[in-house]
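Work the whole structure out from these sequences, hints included.
2 protein chains.
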Amino acid sequence: MKKHASLDGLVEALRRLPGVGPKSAQRMAFHLLQHDRDGLSMLGHACTEALTKIQHCELCNTFTELSVCETCLDAERDTSLLCIVETPADLLMIEQTMTFKGLYFVLMGRLSPLDGVGPKDIHLTKLVQRASNGVVREVVLATNFTNEGEATAHYLGETLKARGLTVTRLARGVPVGGELEYVDAGTLARAMLDRRAT
Amino acid sequence: MKKHASLDGLVEALRRLPGVGPKSAQRMAFHLLQHDRDGLSMLGHACTEALTKIQHCELCNTFTELSVCETCLDAERDTSLLCIVETPADLLMIEQTMTFKGLYFVLMGRLSPLDGVGPKDIHLTKLVQRASNGVVREVVLATNFTNEGEATAHYLGETLKARGLTVTRLARGVPVGGELEYVDAGTLARAMLDRRAT
Ligand SMILES: [Zn+2]
Ligand SMILES: [Zn+2]
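Respectively, the protein sequence lines represent chains B and V.
Heads up: the first sequence begins at 1 in the UniProt record's numbering, then just goes up one per residue.
Heads up: the second sequence begins at 1 in the UniProt record's numbering, then just goes up one per residue.
To be clear, the hints were calculated from the coordinates, so they are not data collected in a lab.
Just so you know, not all the hints are guaranteed correct.
Note that the list lumps identical chains together, so a pair holds whenever it fits in one copy or between two copies.
[Claimed, not checked] Here are the simulated lysine-lysine pairs, DSS-like style, with alpha carbons at most 30 Å apart:
1) 23 <-> 120
2) 53 <-> 120
3) 101 <-> 23
4) 23 <-> 126
5) 53 <-> 161
What follows is the structure, given as structure tokens:
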């Protein structure tokens, strides 16, 4: 019976969200239809807008509506400092600490050989180009302090040091095994200020 | 800074979903943008489709794309039996038990005087009209076994008995305080078969 095509379609689409199972998706769909049609409309438009407008910054690889994002275009930034993070969420967390005035590169992932995620998937060529522009002096490795994040930091550190760059790592104020996105801003600020040569 | 209008819009829209806070919304938005653009597109279309196509059945009040839903139009159904549920999710749960061959009325809520939810909000007039069509003989009250669901059942039971209808309630196989949507189908089947006069 294909009797609720639109409803089934909405439930199916909501199930694509991370952490949302069939029961939650149904509950969300009914909630929107019954109590929040404005929200349903907003969500529809927001998805379509995001899909067409949001792309990756040519320089730092983060999500942006421009070809080069506003952070990269910001003339107040210290262009000799480049901070490498795994995700845009991590970038936002570091911005919140207000301890870093340089620029960023967003890997959009981390090395994970077991999952088939290699250097190409974290945009290594683009990163090396970016870091080798003759202006960047120090690269701050701000990948997560998980096993994969540490391995990624090690790999990138070796690669970039081989090109004559100073490479630092966030201080170990971040709890071992922790993910940046869930650390409080104070701890992260401490870790940024205490970053050390690697 | 309004520098990420589309991204902020997407995060804001996702926050309208029940149980989704700011962190989850951001995580969902980044996940879709980075790993599941098809899902983002599906969600956009599904919301828009649902908004324009899904309405309430003229007879039973559930969500449908038709003016009268397929259940209400189904000639195999026993039109002398009318089961009253709080939500479309509850209706689907009862359908899954395959113990009920009558028709439904969906209240789209429950009486809750403290929250300002009165008889009008659960479509009492529409329900009384529906139950008083001269064909319905028995009304099965299948509201939740919560305090509000029980109070709603009591109120509706009195109202409908006063109009000469036989009124039954799902048997107390459903755990007290439980919500239909989260009960296993076996328990719910037992409760349907054991429904009793009230
Ligand atoms: Zn950028
Ligand atoms: Zn109907």
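The hints, checked one at a time:
1. 23 <-> 120: Between copies only: 28 Å across chains, 37 Å inside a chain, cut-off 30 Å.
2. 53 <-> 120: within (25 Å within a copy, 44 Å between copies)
3. 101 <-> 23: between (45 Å within a copy, 24 Å between copies)
4. 23 <-> 126: between (42 Å within a copy, 29 Å between copies)
5. 53 <-> 161: neither (36 Å within a copy, 59 Å between copies)
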